[in-house]
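With these hints in hand, go ahead and build the complete structure from the sequences.
Chains F and W supply the protein sequences, listed in that same order. All residue numbers for the first sequence refer to our numbering, where the first residue is 1 and numbers rise by one. All residue numbers for the second sequence refer to our numbering, where the first residue is 1 and numbers rise by one.
Keep in mind the hints are simulated off the structure, nothing from the lab. Heads up, the beta-carbon is just placed ideally off N, CA and C, and yes, glycines get one too. Honestly, I wouldn't trust all of these hints.
Selected chain W positions facing chain F (Cβ under 7 Å, derived; list incomplete) [unchecked claim]:
#1 G36
#2 H58
#3 R80
#4 N119
Below, computed lysine-lysine pairings styled on BS3-like, alpha-carbon distance capped at 27 Å [said to hold, decoys possible]:
#5 W:K54 with F:K423
#6 F:K477 with F:K422
#7 W:K271 with W:K284
#8 F:K506 with F:K571
#9 F:K477 with F:K435
#10 F:K404 with W:K303
#11 F:K420 with W:K54
#12 W:K284 with W:K248
#13 F:K407 with F:K506
#14 F:K143 with F:K117
#15 W:K200 with W:K286
#16 W:K271 with W:K200
#17 F:K435 with F:K407
#18 W:K248 with W:K54
#19 W:K21 with F:K423
#20 W:K271 with F:K182
#21 F:K486 with F:K506
#22 W:K237 with W:K248
#23 F:K435 with F:K472
#24 F:K407 with F:K486
#25 F:K423 with F:K477
#26 F:K422 with W:K54
#27 F:K477 with W:K30
#28 W:K21 with F:K422
#29 F:K124 with F:K63
#30 F:K172 with W:K30
#31 W:K286 with F:K407
#32 F:K180 with W:K303
#33 W:K30 with F:K472
#34 F:K422 with F:K435
#35 F:K420 with W:K21
#36 W:K303 with F:K407
#37 W:K30 with W:K200
#38 F:K422 with W:K30
#39 W:K30 with F:K423
Given next are the chains, with one letter for each unit.
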Amino acid sequence: MDSTPLTMTLRSHILFSRMNRISIKVTGAQGQGVNSVGEVVAKGLKRNGYCVFGYREYMSLIKGGHSSYQIDLSNEEIRSNETKVDVLVCFNHHGLEQNWNDVKPSGLILHMTPQWKFAPAPEKALRTAKITVMYMPVEDMLKALKFPPIMANILITSVVWAVLGQDTGTLKSLVYDQFKHKGEKTLERNYRSIEVGRRFKRQFLQKVNVALPRARARWRNCMLLTGSHAIGMGIIHAGCRMYVGYPMTPSSPLLSYIAGEQNRTGMVIKQAEDEITAAQMMSGAMHMGTRAMTATSGGGFDLMTETLSLNGILENPSVFGLAMRPGPATGLPTWTAQGDLMLAVNAGHGEYPRCVIGVSDSHDAFHLMPIAFNLAEEYQISVIVAYDKQIGEAIYTQPLYDQKIAKINRGSQLVTDEGKLKKLRSTDRYDPNTKTGISFRWLPGSHAPTYAAQGDEHNEDGSVDESAANAKAQMEKRMRKLATLKAALPEPELYVSTEQGIRTVKNDQSLDILIIGWGSTKGPVLDVMEEFRLPHRGRRRSRPLRVGYLHHTYLWPLRAERFARLAARAKRTVLVEGNYQGQLGLLLRQESGVATDDQILKYDGRPFFTDELYARFRPHLA
Amino acid sequence: MTRIHLDPSARSAFSGQAAPKMSDYHHDNKCTWCDGCGDYGIWTAVKRALVELKIAPHEVMLCYDVGCHGNMSDKLQGYRFHGLHGRVLPFAAGTKLANPRMPVIAHGGDGASFSEGVNHLVHSIRSNYPIVFILHNNGNYGLTMGQASALTWQGQPMNTSPNGIPERTLPSMDFVFSLEPTFVARGFSGHIDQMVEILKAAINHRGFAFVDFLQACPTYNHFATHEWLLEHVVDVKTLGHHDVKDRKRARHLAVETSTHIATGILYQDEKTPSFYEQLVPRQKLKTAPVDEVQRYDVMEYMKEFV
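Spelled out as structure tokens, the structure:
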């Protein structure tokens, strides 16, 4: 093995100067307990007062493969992972081979592979970097205790826990929560394993201690959840009463969560025969007047696009979740990407208005869901909520959601009042003469004149009408809604560094660097901006760099004015996106005529890591 | 289990209006089907069945696939939907699950139902959605000018298959029965009274009602013509005692069409619950999903993640 990459990465790490971040990575075969150890450590750290950001990597198979669970933590808010970790736990030798280079200087590798020996080059590099490599004879330890192999998880967790200097109380209470239903014997075994693990740490890792920053109470009562959980709760909160889906990573965790909660929510859940069915059933349910949703990933969304087009002409409110992963085709099924923005914006034949929203984190994931339904019903359009595997499966430390924010808006043109229903005419449904393009909607079953929700070009009451004048009038009616919507959508948010930390600001500013992005890249970008606030070694500046991040939540119709204004005043604009073409950049250019100066793009299935992104920013700082 | 759907008396009380008349279903748009098209008969039968069941136009959801039959969507009153080719069943199922109080009738042709959207037919029967499905069975793709469908007979020169189809004809009734349907009926577009009787039973059926209406296509179907169908269809009631619960005999009657074609209600199973009734979370609820849109408190869900 060549040691050059190590020296290079170590150097780039040193440049990344934030001191109060710690990372732990657990690697192993899928099904070996990687997630179990990761989850307990993450939850325990959160309960002890740390902001945790978790990230899972795994392959598209059930058993075997190489998977990892990484936890980054801090006492301040963190929103991303680093490529480098302080503690690496390897359930098998694959982690030793593939991940040894991920460990920070003075870090720890804890492994369970008997007689493991590194090749000379990594051996030397690890020694130079003062990394402790510790073999833990888990099998023998369990044999001595007469405990089944499954207890390895808590044993290993306990060692990590002790290395992090954390108290046994939290760990025991977590174990109690998890195993209390399994009886006294299981609990006793777990407690005993915790003690044995601590003894191992005292005996063999006496000098290896990863010092955590001071804990803060503000994190203790937060939730630890994935973006999929957040979206799930968001759609429950939004009054969604039916969910139809077809399994496809990374949208499946949402389907699992919402289906798993059906006995509490009372929602109608249908696992459909395919994505076309899912889209059609959701559309039928929305047409009748309930709130329904479906979600899928790129390939499934391709199948849904004809239905998207249908909803365009029916002016049927509908909500589609688009959980992105790298394509084309099956691509990298269990990895992340932002490559389907253009798909969301352009999918489906013909021209019709739609709204595309991008989720960026667990906060958005919840709060954007009622908004998505409101927009769909107000404008009688499809709303596509785009997120990615990173959001769907990353683990966030999230304060309890404020439940007073969401409004339920069924649409200003929805007619439900009996008196008003009686006064309606069939021709009000698709009246092309409204100024906003939005016409009256009333639900099937209403005691009122009836209409046809017509997939053919139609006139006011849904009767087929192929005349040129009608085709023109109806197209203009529908497209007018896009202009109405665009004017009503919020502008993108500008984040800047202030004395109090990173804040959004209403006014425009002159910036040294204007960063532009959407979706999950917000997390690592904001974390990198924290870095820009710190004093920079070897770089004397008269003043700190003025860096701003323009985050686009509403991606279509795209309000590009603020980007154009800020870009005109910024010294340099840098687009950060998880795709090859810089798709938001293309859309911004299409809408404003302004191109970004630089692009930091990533399309290898991995999210942006803070240190990596920081290193990639450096050439743009000159 | 409670049966939330289909109590005609309750529905009339709900609407609080006089019994509907045929003229209530009248739409000013002129029919555009060919002279002698079977769709005229089916169109009339649907309206008559609804009127006889005292269902007013605003109380029914009529869903249409794409094909000649789909041109019915703007030739009558009622809340109507005209969607994508092959996809009418999942949309119709979605409407029904959202508002189970409303009768839902889905229409599709043999092209849409046995080629483009055959998977939806399979899963709709399997799911036993409480809806009616009318198969407008004219043995070809009429609206795209007479191509062969999966149900076109072999040996018939058609648009795009001048030598007849190289594939075998799909045995549709055998196929449907293999899926364990809970309601199977067959009618003929020339026999309106029988179609009305079938439709009334289908609308009141507990689960998924598969209704196969053989219809003439005077322009493109030169094999099973109106005259040929007239000569071959026989009311099942005239074929000796038939118990609609007898699936084996029903299947035999449905499949065996070499000498005559049995029509009427061939099979009905009222014991199997519908999809909606099978949904555990819905069983204790008296409301429908359309009544339940509001902001929900998720505190108890959030606490589980702390």
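How the hints compare with the structure:
Hint status for W:G36: violated, given a least beta-carbon distance of 22 Å to chain F, over 7 Å. Given hint, W:H58 at the interface with chain F, holds; its Cβ is 6 Å from that chain's nearest Cβ, closer than 7 Å. The interface hint given for W:R80 holds, since its Cβ lies 4 Å from the closest Cβ of chain F, which is under the 7 Å cut-off. Interface hint status for W:N119: upheld, as the beta-carbon distance to the closest one in chain F is roughly 5 Å, under 7 Å.
A C-alpha spacing of about 23 Å is found between W:K54 and F:K423, which places the hinted pair at or below 27 Å, so the restraint holds. Taking the CA atoms of F:K477 and F:K422, the gap is about 24 Å. The hint holds against a cut of 27 Å. Distance check on the hinted pair: W:K271 and W:K284 sit about 20 Å apart at the alpha-carbon level, within 27 Å; holds. Of the supplied pair hints, the one linking F:K506 and F:K571 holds, its CA atoms being roughly 20 Å apart against a limit of 27 Å.
Between F:K477 and F:K435, the direct Cα distance comes to roughly 8 Å. Compliance with the 27 Å bound is thereby established for this hinted pair. Among the hinted pairs, F:K404 with W:K303 is consistent with the structure: their alpha-carbon atoms are about 17 Å apart, no more than 27 Å. At most 27 Å may separate the alpha-carbon atoms for a hinted pair to count; F:K420 and W:K54 meet this at roughly 25 Å. For the suggested pair W:K284 and W:K248, the alpha carbons sit about 36 Å apart, so the restraint of at most 27 Å is broken.
Restraint check: the Cα-Cα separation between F:K407 and F:K506 comes to about 23 Å, which is no more than 27 Å; the hinted pair holds. Of the pairs offered as hints, the one joining F:K143 and F:K117 holds, with about 24 Å between alpha carbons and a cut-off of 27 Å not exceeded. For the proposed pair W:K200 and W:K286, the alpha carbon gap of about 25 Å is at most 27 Å, so the pair holds. As the CA atoms of W:K271 and W:K200 are separated by approximately 18 Å, the hinted pair is consistent with the 27 Å bound.
Restraint check for F:K435 and F:K407: the C-alpha separation of about 25 Å stays at or below 27 Å, so the hint holds. Our distance criterion of 27 Å between C-alpha atoms is broken by W:K248 and W:K54, whose separation comes to about 34 Å. The suggested pairing of W:K21 with F:K423 holds, with an alpha-carbon distance near 21 Å, which does not exceed 27 Å. The suggested pairing of W:K271 with F:K182 is violated, with an alpha-carbon distance near 40 Å, which exceeds 27 Å.
A hinted pair counts as satisfied when its Cα atoms are at most 27 Å apart, and F:K486 with F:K506 qualifies at roughly 18 Å. Distance hint between W:K237 and W:K248 is fulfilled; the C-alpha atoms sit about 17 Å from each other, no more than 27 Å. For the suggested pair F:K435 and F:K472, the alpha carbons sit about 15 Å apart, so the restraint of at most 27 Å is met. In summary, the hint linking F:K407 to F:K486 is supported, as the alpha carbons are separated by about 20 Å, within the 27 Å threshold.
In summary, the hint linking F:K423 to F:K477 is supported, as the alpha carbons are separated by about 22 Å, within the 27 Å threshold. Of the supplied pair hints, the one linking F:K422 and W:K54 holds, its CA atoms being roughly 20 Å apart against a limit of 27 Å. Between F:K477 and W:K30 the CA atoms are separated by roughly 26 Å; this keeps the pair inside 27 Å, and the hint holds. With a C-alpha separation of about 19 Å, the suggested pairing of W:K21 with F:K422 holds against the 27 Å cut-off.
For the given pair, F:K124 sits about 33 Å from F:K63 by alpha-carbon distance, which is inconsistent with the 27 Å threshold. For the hint linking F:K172 to W:K30, the alpha-carbon distance of about 77 Å lies beyond 27 Å, and the restraint is violated. Our distance criterion of 27 Å between C-alpha atoms is met by W:K286 and F:K407, whose separation comes to about 25 Å. Restraint check: the Cα-Cα separation between F:K180 and W:K303 comes to about 18 Å, which is no more than 27 Å; the hinted pair holds.
For the given pair, W:K30 sits about 23 Å from F:K472 by alpha-carbon distance, which is consistent with the 27 Å threshold. For the suggested pair F:K422 and F:K435, the alpha carbons sit about 23 Å apart, so the restraint of at most 27 Å is met. Distance check on the hinted pair: F:K420 and W:K21 sit about 24 Å apart at the alpha-carbon level, within 27 Å; holds. With a C-alpha separation of about 22 Å, the suggested pair W:K303 and F:K407 falls inside the 27 Å cut-off, and the hint holds.
Proximity of W:K30 to W:K200 is assessed by CA-CA distance (about 26 Å); at most 27 Å being required, the pair is judged to hold. For the hint pairing F:K422 with W:K30, the CA-to-CA distance comes to about 26 Å; that is within 27 Å, so the pair holds. Restraint check for W:K30 and F:K423: the C-alpha separation of about 26 Å stays at or below 27 Å, so the hint holds.
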